[in-house]
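J.: Assemble the whole structure, with the sequences as input and the hints as a guide.
Protein chains: 4
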Amino acid sequence: MVVVMSPEATEEDIERVVSRVEDVGGEAFVSRGKVRTIIGLVGDIESFHHLNLRTFAGVADVHRISDPFKLVSRQHHPARSTVWIGPKGNQVPIGPDSFTFIAGPCAVESAEQTVEAARMAQSAGATILRGGAYKPRTSPYAFQGLGKRGLEILASVREATGMPIVTEVVDARDVPAVAEHADLLQIGTRNMANFGLLQAVGEAGKPVLLKRGMSATIEEWLMAAEYVAQRGNLDIVLCERGIRTFEPATRNTLDISAVPVAQATTHLPVIVDPSHAAGRKDLVVPLSRAAIAVGADGVIVDVHPQPETALCDGPQALLGTELRDLAKAVRQLPPALGRVDSSSLARKG
Amino acid sequence: MVVVMSPEATEEDIERVVSRVEDVGGEAFVSRGKVRTIIGLVGDIESFHHLNLRTFAGVADVHRISDPFKLVSRQHHPARSTVWIGPKGNQVPIGPDSFTFIAGPCAVESAEQTVEAARMAQSAGATILRGGAYKPRTSPYAFQGLGKRGLEILASVREATGMPIVTEVVDARDVPAVAEHADLLQIGTRNMANFGLLQAVGEAGKPVLLKRGMSATIEEWLMAAEYVAQRGNLDIVLCERGIRTFEPATRNTLDISAVPVAQATTHLPVIVDPSHAAGRKDLVVPLSRAAIAVGADGVIVDVHPQPETALCDGPQALLGTELRDLAKAVRQLPPALGRVDSSSLARKG
Amino acid sequence: MVVVMSPEATEEDIERVVSRVEDVGGEAFVSRGKVRTIIGLVGDIESFHHLNLRTFAGVADVHRISDPFKLVSRQHHPARSTVWIGPKGNQVPIGPDSFTFIAGPCAVESAEQTVEAARMAQSAGATILRGGAYKPRTSPYAFQGLGKRGLEILASVREATGMPIVTEVVDARDVPAVAEHADLLQIGTRNMANFGLLQAVGEAGKPVLLKRGMSATIEEWLMAAEYVAQRGNLDIVLCERGIRTFEPATRNTLDISAVPVAQATTHLPVIVDPSHAAGRKDLVVPLSRAAIAVGADGVIVDVHPQPETALCDGPQALLGTELRDLAKAVRQLPPALGRVDSSSLARKG
Amino acid sequence: MVVVMSPEATEEDIERVVSRVEDVGGEAFVSRGKVRTIIGLVGDIESFHHLNLRTFAGVADVHRISDPFKLVSRQHHPARSTVWIGPKGNQVPIGPDSFTFIAGPCAVESAEQTVEAARMAQSAGATILRGGAYKPRTSPYAFQGLGKRGLEILASVREATGMPIVTEVVDARDVPAVAEHADLLQIGTRNMANFGLLQAVGEAGKPVLLKRGMSATIEEWLMAAEYVAQRGNLDIVLCERGIRTFEPATRNTLDISAVPVAQATTHLPVIVDPSHAAGRKDLVVPLSRAAIAVGADGVIVDVHPQPETALCDGPQALLGTELRDLAKAVRQLPPALGRVDSSSLARKG
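Chains as they are written, first to last, in this note's numbering: chain B, 1 to 349; chain L, 350 to 698; chain P, 699 to 1047; chain V, 1048 to 1396.
It is worth saying that the hints were derived from the structure and are not from the lab.
Bear in mind the structure is a predicted one, so any value in this text is a computation, not a measurement.
Among the clues, some could well be false.
Taking CB as the label site, the calculated pair distances span [said to hold, decoys possible]: (1) P525(L) - D1108(V): 40 to 46 Å; (2) P525(L) - P705(P): 43 to 49 Å; (3) R696(L) - S1094(V): 55 to 61 Å; (4) G1036(P) - A60(B): 24 to 30 Å.
The calculated BS3-like cross-link candidates involving lysine-lysine, where the alpha carbons are at most 30 Å apart (straight line), are [stated by the list, open to error]: (5) K1375(V) - K328(B); (6) K677(L) - K1026(P); (7) K206(B) - K88(B).
The beta carbon of each residue, even a glycine, is placed where N, CA and C say it ideally should be.
T.: The structure is reproduced here in structure tokens:
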């Protein structure tokens, strides 16, 4: 931590900072410039935070220097992690050696629609099924998901297809029910900073898919992962899904750079959701290609057997030609970049 | 709703749209241009949404025209509302006729600190006390609030000072406890789209202070209010607290225009939080003045008897000179703009 | 300047930084932490910049600490400046003691329209006339302004009304012609980083109104002012006119905090343009009130005798009731905040 | 164009809109809903713009429906264009069939540095040389480029290497000199809306590389291209180089979606600048891969023989390993996606 004194700071102001830092067990190195003095702090960052140095007389600014997260940081865990999804005997990896394709309908509407979407996804090469049972919707008048009935449908489709299931949980009270049926618990973009929910999934005993908040910095996203990790769960997969900007042509702006930036900072795997980023199905294939090429560990994509009757996000669901193009990209590009298909590494009973 | 056909749309594409709209009971007016055809839809918007018209062949775009919210809209309720805060016999208004000054510490740390902050706030003219018992913090290693003990302290300070209490609730499971002690339930910026929590406070029987999400559009903010209203609670106060932009000089960018924009669209009162918007105490007084002048129905401000020992947001808490300046502004400016102090309208037992 | 070394930096990496800093005449103070070492640099910042320390082995980050601007900084010039606008014998101030109201049509369309708008502005209390002769337009097919003919009209209206003139210059080649007729040369938001144009107006011998770029940080805006100042012209007025954000309800988001932030950093006066910030005339009066209350040194507003025939930005031009409301605010609020009307300080022949 | 009337609009208000539209030769189709009436306009958009319908009594909103650009639109020119760069007998294509790699130093510092950088670029597979002679810099105290001397160096390096040259022009007065020496005239991000400069390069008889403004929407970017096109020059290459967002980890946020969005809207080629987008050299290779995969027609990258002595943007310049990685990506990925190297299509004398 570095404390920057203002040009008007007195010698007493400087000494006050030094002595408070030493009080809490830290060391303070004073560098006196012509215009300003700066003070470098060495020791326990948390204890320095509690000093509220910014409120001290003569202090102009305080710069943090180290990463604020610990368990998810790559600093103490340089090797990138693989998270295994699915019940024992049927586990699919998400990590640095493979490329994992996750697909399914935005919302579970019925058993028929879900199994049909799962078959579509599976023939295109997907190894994990996505599907929403609890849907966070901007309007209280929009379809809110089938709830527990949706979870049961997903579980039965896993039986039928062998695909592990990822589904969103939006309320801490629902975590036990969702954790009973799902293999990967999704925290959606609106709940990235719902800390009670993060703690609840941290204790649920299942891997977590943590979407980036639509206006969260990468650092805040990793801090949210730290909330999960702090409860003893390091099976966390990060998902970049677009950030909010001024550009209206896409629903969000896919921050493709976030993938290598996050991978350089955390050991956790990072995947991309091009469907929710763009909100337009014509962009899903090119953005999936970009995700593979930039080094993402997987993609998660909306597919629906009949987008025009979808109860949620129909305009971004793939079918027909686009899905074939995506299947081809997922088959061809990762090997060109040194990755294998996730199914070839799956741990089958 | 207006459907814009693409230049290549065929006559069949146009007829398909018209016939599906008529199927769900709507009317479709076709305007044929030289390059494009546009179709105006009249009828029930929700039923049109379910058609997923954007996925139809030949459809280039769909424009929504009406507001998506109903209960909170000013369209059906032109008069601006007043929300009354506090127990019977001790109620303070927030609404178009008065200006309400809310102040207190960011976090409740102890009974002494809270009562001292409340006295400071009260002498400066505040009529409602703010104070956090449950704190949503970016880092899991930061102080998370005193929880129930904090609520009890707040209740005892209400006894001592007569000031109604506003405090944040961050988890639907805590709503009953918070609603038992608090007079106004605050939904923080991170939880604006936590729909389960919105529904829970909508049923709690107490007024709600709904902060704008830091990256929420004004329309999304009003949709969040609609979630609360839909559960039967129209005692909602909106609070603009800054949005996330590229500018680093302030923690957030106070969107001062949001006050008149929201007031033109909804009948609910709108207040401003300059402390969390700026994150710097030197801006709290000028931004409070701006809030009064733009027509806000109140401000909510951090004060702390000793900012340098504050466990939360010390750098933005006011004391001494600044608080006196703010007190003066709150006393002088609202009358110049046709408003009275909230205390003069309070309904005292 | 502070250099943060990465945890893996070697002793040689640290010495390389120290020795290069000393080579260019600086001093380097090394603070060794448990995890990282940080190095505080004292001396000439420009020479440190040329070292490209970020490219050195073992360097994780470099933090700048001092302001990068000099001439416009308040650090070496604590008193806030007043800029005088107009020919000798008819000068209107913009500065900390007065409040200056500038108004006029977005574009000069004809002598009649301009003189009529000027009369409207003057009766509402405006002391400087705005009007565009050269218009930067997003579309090449939109009205681009009357050019030199527009300048002549403006000059004749100054004759008729006694109001000094502010008008935009968009091309360095036009600076001599514009400087011949105008009293205040406006640099528009799109040209804030057109450095050749900034240098040209810096040499033109007339005061400059520098609008903030719609995506410029406050620091970049002051650096643009530094470009003008560096050519010997310190008669610069800054104008906040809204920044680009995700919020679609207003054309731009007025960054009202930018006024006190800029005033704390530079000695130059700062005014606000609520018309272009909002793009909606119903917001011009409340935003002007907010600008006065936050401490702005003036406002610049669009008025037009017949907005419905305006060739540019008709939807934001005031007339009738709104202009009367604005006139009232400009008359009443500044005195309540310790400022006088600019006309009472004008230096008349 | 669609005019949305407010719920309170009277029959007269509706008739006024209809009659003014008909006055200018358009047709108006009225759709009367239960709450609102909407009016579809058919005819010449420009003439409707001049009506300022938004200022009419009873009008709530006006939606534009067609693209505002014409010459650069794909609507009237469905086939994607190829732009040829270089003197007759030595022309390199940028277009849909090839992938073009442009590289060179951010700034031309000397003949030696430039030729060395060009050789590096060429061995890595680059076919066009970039290099700045006129540099727009945020600070007036930073290196501003060698000007004409820089142009001469670039021309001599073209002689030596056979690589066509792209260089930035920042002032309309310099266009003739730059056009004399360069093969592709670059308009930088800060000048995207410098309309006089756009018109000047539109008349200069050389192809133009138009960078996206850092806060420009894709539509505004295409409108800027329309300014160039309108002067008779359709040899325009668009360049996405990152937009300004709240994320601080990268200098800008590369809007990778802008590539397919722009390619769907305009027939012009679109390339990507990963160096200026990220501002960090560790991201240049992954972002270049993403650009290739998303379908960009080329990349433009900073290389420097000695980044640590670079006078401009050293931290983002590639050398050694990274450049080899990039060379490999440029060689291998485009063929996997159906494109050939630009050199194999070059038109050599």
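J.: Confirm or reject each hint.
T.: Going down the list of hints, with the structure as the test:
1. P525(L) - D1108(V): 40 to 46 Å: Holds - the Cβ-Cβ distance for P525(L) and D1108(V), about 43 Å, lies within 40 to 46 Å.
2. P525(L) - P705(P): 43 to 49 Å: Hint holds: Cβ distance 48 Å, inside 43 to 49 Å.
3. R696(L) - S1094(V): 55 to 61 Å: holds, 59 Å
4. G1036(P) - A60(B): 24 to 30 Å: Hint holds: Cβ distance 28 Å, inside 24 to 30 Å.
5. K1375(V) - K328(B): holds, 22 Å
6. K677(L) - K1026(P): Measuring from Cα to Cα gives roughly 22 Å; hence the hint holds.
7. K206(B) - K88(B): With Cα atoms ~12 Å apart, K206(B) and K88(B) stay inside 30 Å; holds.
Figure legend: structure checked against the earlier numbered hints; every hint is met.
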